[in-house]
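J.: Here the structure of chain A is known, so what remains is to put chains B and C in place on it, guided by the hints.
Residues per chain are reported as follows:
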Amino acid sequence: MKCSTKYIIIHTKNEKEILNITDKVEQALLESGIKEGLCLVNSMHITSSVFINDEESGLKKDFLDWLENLAPEKPDYKHHQTGESNADAHLKRTIMGREVVIAVTKGRLDFGPWEQIFYGEFDGKRDKRVLVKIIGE
Amino acid sequence: MKCSTKYIIIHTKNEKEILNITDKVEQALLESGIKEGLCLVNSMHITSSVFINDEESGLKKDFLDWLENLAPEKPDYKHHQTGESNADAHLKRTIMGREVVIAVTKGRLDFGPWEQIFYGEFDGKRDKRVLVKIIGE
Amino acid sequence: MKCSTKYIIIHTKNEKEILNITDKVEQALLESGIKEGLCLVNSMHITSSVFINDEESGLKKDFLDWLENLAPEKPDYKHHQTGESNADAHLKRTIMGREVVIAVTKGRLDFGPWEQIFYGEFDGKRDKRVLVKIIGE
Chain A
13 MKCSTKYIII
23 HTKNEKEILN
33 ITDKVEQALL
43 ESGIKEGLCL
53 VNSMHITSSV
63 FINDEESGLK
73 KDFLDWLENL
83 APEKPDYKHH
93 QTGESNADAH
103 LKRTIMGREV
113 VIAVTKGRLD
123 FGPWEQIFYG
133 EFDGKRDKRV
143 LVKIIGE
Chain B
13 MKCSTKYIII
23 HTKNEKEILN
33 ITDKVEQALL
43 ESGIKEGLCL
53 VNSMHITSSV
63 FINDEESGLK
73 KDFLDWLENL
83 APEKPDYKHH
93 QTGESNADAH
103 LKRTIMGREV
113 VIAVTKGRLD
123 FGPWEQIFYG
133 EFDGKRDKRV
143 LVKIIGE
Chain C
13 MKCSTKYIII
23 HTKNEKEILN
33 ITDKVEQALL
43 ESGIKEGLCL
53 VNSMHITSSV
63 FINDEESGLK
73 KDFLDWLENL
83 APEKPDYKHH
93 QTGESNADAH
103 LKRTIMGREV
113 VIAVTKGRLD
123 FGPWEQIFYG
133 EFDGKRDKRV
143 LVKIIGE
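From first to last, the protein sequence lines are chains A, B and C. Take any residue in the first sequence, count from 1 to its spot, add 12: that is its number in this note's numbering. Take any residue in the second sequence, count from 1 to its spot, add 12: that is its number in this note's numbering. Take any residue in the third sequence, count from 1 to its spot, add 12: that is its number in this note's numbering.
No lab work stands behind these hints, which were simulated from the structure alone. Since the model is a prediction, treat every value here as computed from it, not as a measurement. Hints are supplied without guarantee of correctness; some may be wrong.
Same chains, same names: a pair is fine if it fits in one copy or spans any two.
To be verified - Result set (DSS-like, lysine-lysine): computed pairs, CA atoms no more than 25 Å apart in a straight line:
#  : residue 1 : residue 2
1  : K90       : K28
2  : K118      : K18
3  : K25       : K86
4  : K72       : K140
5  : K72       : K28
6  : K90       : K14
7  : K72       : K86
8  : K140      : K118
9  : K90       : K72
10 : K14       : K72
11 : K137      : K18
12 : K90       : K73
13 : K18       : K73
14 : K73       : K137
15 : K36       : K72
16 : K118      : K86
17 : K73       : K86
18 : K14       : K47
19 : K25       : K36
20 : K118      : K47
So that you can see chain A by itself, here it is in the shape it has in the complex:
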């Protein structure tokens, strides 16, 4: 069995932003030399997400608008009694998910025609990390 571990550094320009990281994960897979197995991609932070959806700029805006509606920025979260101001980011990340697990088949991410991997940042403008762990052979 082979194992590969890579950390991708991400620093978004905006506090809330959706970034396509498919190329970076494909690069990690190529470097691993693994041909068959599973690839875990997760945010190492609790106010951001890794998820799979469509590369379409309008849809990315729809996601951010929708999340703002379901988990709005507002002052009166109990979490803010600690001095924090990002409770909404914890909730938004929960909707979008922390991680994806992707099949590796014949050396490729085994994707349907439109699947792309995104990092969803909800409390950004700082260095963050995404972990890519691949196991297989």
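T.: Just chains B and C, lined up with the frame of chain A:
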């Protein structure tokens, strides 16, 4: 280490539908001969889901009603400026999730008493694929 | 390849409760002797969750308040025609997720600085089980 890869074809009658696929995944596990490991089951599409919940027809209707409330069909999504009309399906699938990872123990899906695997379609009436990837020994 | 399977018994005092189970998962990893691989942690029940977020008591209350808003307790779910009264718990668990998959690196859960593992109970006061399956070497 053994790896098994199966693609299940699904074609729902309705545009939005929840379908129990537990039997199909159990069949893929049986055919793999794997006794201990992990089983990934994911939709290969970005407007449908794979998730685990309860086989109860009322609950399946509750899920669809609830999703329509949280992520309604409506014309004014930005995604629709591309000519698409299914932005709600991308959002609904996000709530329900893309994938499940299931433990394989003693040759069986290691499930609690009520766990069943479902395919949730939100933009259907076309051939779709679910990927079952099992690794272990 | 090594495989380890542990079942953690959980019995919450309250019907709805969020419990930190990081120590229990770390213990299972230590006992497995696995140094590199993947660790699946999932609820074996369909009205509770396993998720990763922040250990902060205010935030845990925010999660429960937010879930009550998105998936309220109410009598008129179709699921309740079976005699059940917990449809809201099935929906709340869907938002929070069934499972997490965690990278194992150098014998440790490969976590960012704030990641902690939680069991989210939405229909509790009974014995429940969480499955920890670790594969690797």
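J.: Which hint numbers does the structure go against, in order from smallest to largest?
T.: Of the numbered hints given earlier, those the structure breaks are 6, 10, 13 and 16, listed in rising order.
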